[in-house]
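Visitor: The whole structure should be built from the sequences, with the hints applied where relevant.
Taken in order, these protein sequences are the chains called A and B. Under my numbering, the first residue of the first sequence is numbered 1, with each subsequent residue one higher. Under my numbering, the first residue of the second sequence is numbered 1, with each subsequent residue one higher.
No wet-lab data here; the hints were simulated from the structure. All values derive from a computational prediction rather than experimental measurement. Every residue, glycine too, gets a C-beta built ideally from N, C-alpha and C. All clues given are correct.
Derived Cβ-Cβ restraints for the label pairs, each shown as a range:
id, chain 1, residue 1, chain 2, residue 2, range
1, B, Ser-247, A, His-260, 46 to 56 Å
2, B, Asp-173, A, Arg-388, 49 to 59 Å
3, B, Ser-247, A, Gly-212, 51 to 61 Å
4, B, Ala-300, A, Gly-334, 15 to 25 Å
5, A, Ala-321, B, Arg-262, 52 to 62 Å
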Amino acid sequence: MSTASNSDPAEELVFRIGLVGPSRVGKTSLITALLRDSQRLLQGTPVSLRPSGTATEKRIAQHRRELDGSLLAGEFTPGALRGTEEPFTFQLLLDSGVRGIGERGTGIRLELLDYPGGWLDPATRPHDRDADWQSCQRFLQQCSVLLVPVDAAVLMEPTSAAQLRAVPSILTTPEVGEVVRQWLKERNWRPDEPALLMLCPVKCESYFDDNGGRRDESEELLSRVRRVYADVIEAVPAEAPHVRVVYAPVDTIGCVEILHAEWTPDPREPSGVAFAAHYGVRWPARQAVKGADDVLISLCKHLVAAQQRVESDIATDKRTAADHAREYADRDEGFIRNIWYQLSGERARRAHTALVSSHRAGEADARVSALADVVADLARRDPSGRVRQW
Amino acid sequence: MVTGLATRAFLQTRGTARASDYAFLGAAPAEPWWRAYRDATAFDHPTVLVTSDGERWAAYLSGIPSARVDAVGSVVRYTLVLDGPCATPDAACVVAAVGAWLSDVANGRGDRPGGRLGAALDARFPASDVGRWLPGSRAAELVPDERHSGRTGSDESAVRRKGAAHSGGRIGDEVQQRALSALAALPASVAGVDEPGDWIGAVGAPAPRAAFVARVAALVGGTSGRAVLLNLVGGPGEVHPLLDPASSVAVLVESPDPQLARCTALRPVVEAKKAPAPPARAGVAALGIALVPLVAMVGALALTALVVTLLVWLL
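Guide: Put into structure tokens, the structure is as follows:
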């Protein structure tokens, strides 16, 4: 399992989630959309998904400010959002809401590595970033969940054969496919670990009519994803059949619609064609994320199930340790030793150890119980009709 | 002003094409030393880091908007990395660059084109040249700067770099020359009066800005310490991890807090020492002394009984 742990594995587990997508596809926007939609999804539960640490909190806030400012101005260009220059690990906490004594809160820490998408292509990756990319690759290989954001507009807007030919190059499909294949091989070494591959078309609001859009081209989007990512999808049963593949399209903005797409010849692009989409804003010009809850449900089901297994093991270990400690504390050591242990304080020390151990086991049980409730709750929620699982 | 080569300059930006992601043009600094600040600042937003050990200084200015936009319409940004020996005339360009960039940020040009520093760089780096010099284009092969890194190129990666070193070196020299020329064209910044020690202020306020420029002038002049503009830090309570008794720091943040309209001294967090145990009362001490012989006698008897019991048990 791709869990790493901090000093005390029972206190906070770390799950790493990989993102594989080209430059400017919207990796950061997907993370922000997840956080924004999670509030709605987890309403009424003690569980929350929130930024963990000031750096993540402020980066999310910066991204939201840029987006909200652009929407309020009544215009949206994907260019309102900055591209990524340096790798950054977003830290989110899926907080169980159960607090141990003196604890900050317990739950699952999610780490999502964001990096310049241009690094995927060795031809455009700066040589001085080779080491950074290797470090990103190591991170990706450790992940049990891989998210592949796909620019829906690039898939859906081509109308000519030349434009269609440019799609794999713009989406860097071969490079994405290579990373996914390496990840699948790594998963194949760990067949007992649950693993999840999510294909997430983003900026989908123009192709669904369930979030204020005017047309429903959802089946065409699904069909194009299947066609363009056929190699990736077909690699799963061959490389790591236990990996679950989920297709979950997301409206990362929600209140925008493509007005027109522009395909212009550009010798600087590897495909020889540059693509740009121009959007209009739907009033009331407020971000209305849709589909991120599906991602989150899939993610939570996977992560919490895995977490529950780990926590359950920990709780069992702690309960066993507590039982051993109590047995040790109460053990009959013979008349003389019993008197001596009583006089020397050894008996009191053993009793104290047993008490602490029992207390910790109780806390671990409480956490497992809280997370189990969340699993049950999420399991009851059906994903929307947008989602497909292969 | 013509700047000599004692000062080195590196420039990172991206091309307009989707595939041309952010990269240093020509040559990259040997060490990404600025990453030590990654939890305190987002490098794609306005950031200034200037540090000096008294002999050499290094400066990092990022988030500088260009007039160019990328494939999806985002404003393309520059990152400028400079270093050099202290107390040389060349170093004045750093003071000018920092002064111009802070002024741009304060005037709302930190996230959109039209600032002085961005315009100066745009004038020397037209889109066509940037496109040619980025990795992936035929003209450009990026090599990490090895002139001062002291590394031997023994590994495979170094061999690959050496093959590209000639063209990369040429582009790197051209980039350096143009970047320094852009900075030399900036008007000299008026430095205010620096506050001694560690302080924090708002970048939007003139007094901390002027003091910051004065601190930068001192750093490149040979005073050791640091001057940083950070964007993930909100106030004095969040900069304590940056404090170092061996290296004073001037911190600018984007904050509307009126208290930060002037330089506010930062005090290191001193962990509360454990309060010393209160002295035992004299009566209790006297009683303790009186009981010692009695306890010793009982202890000796118990020990004897224990030894005898153990012997019996063992035998």
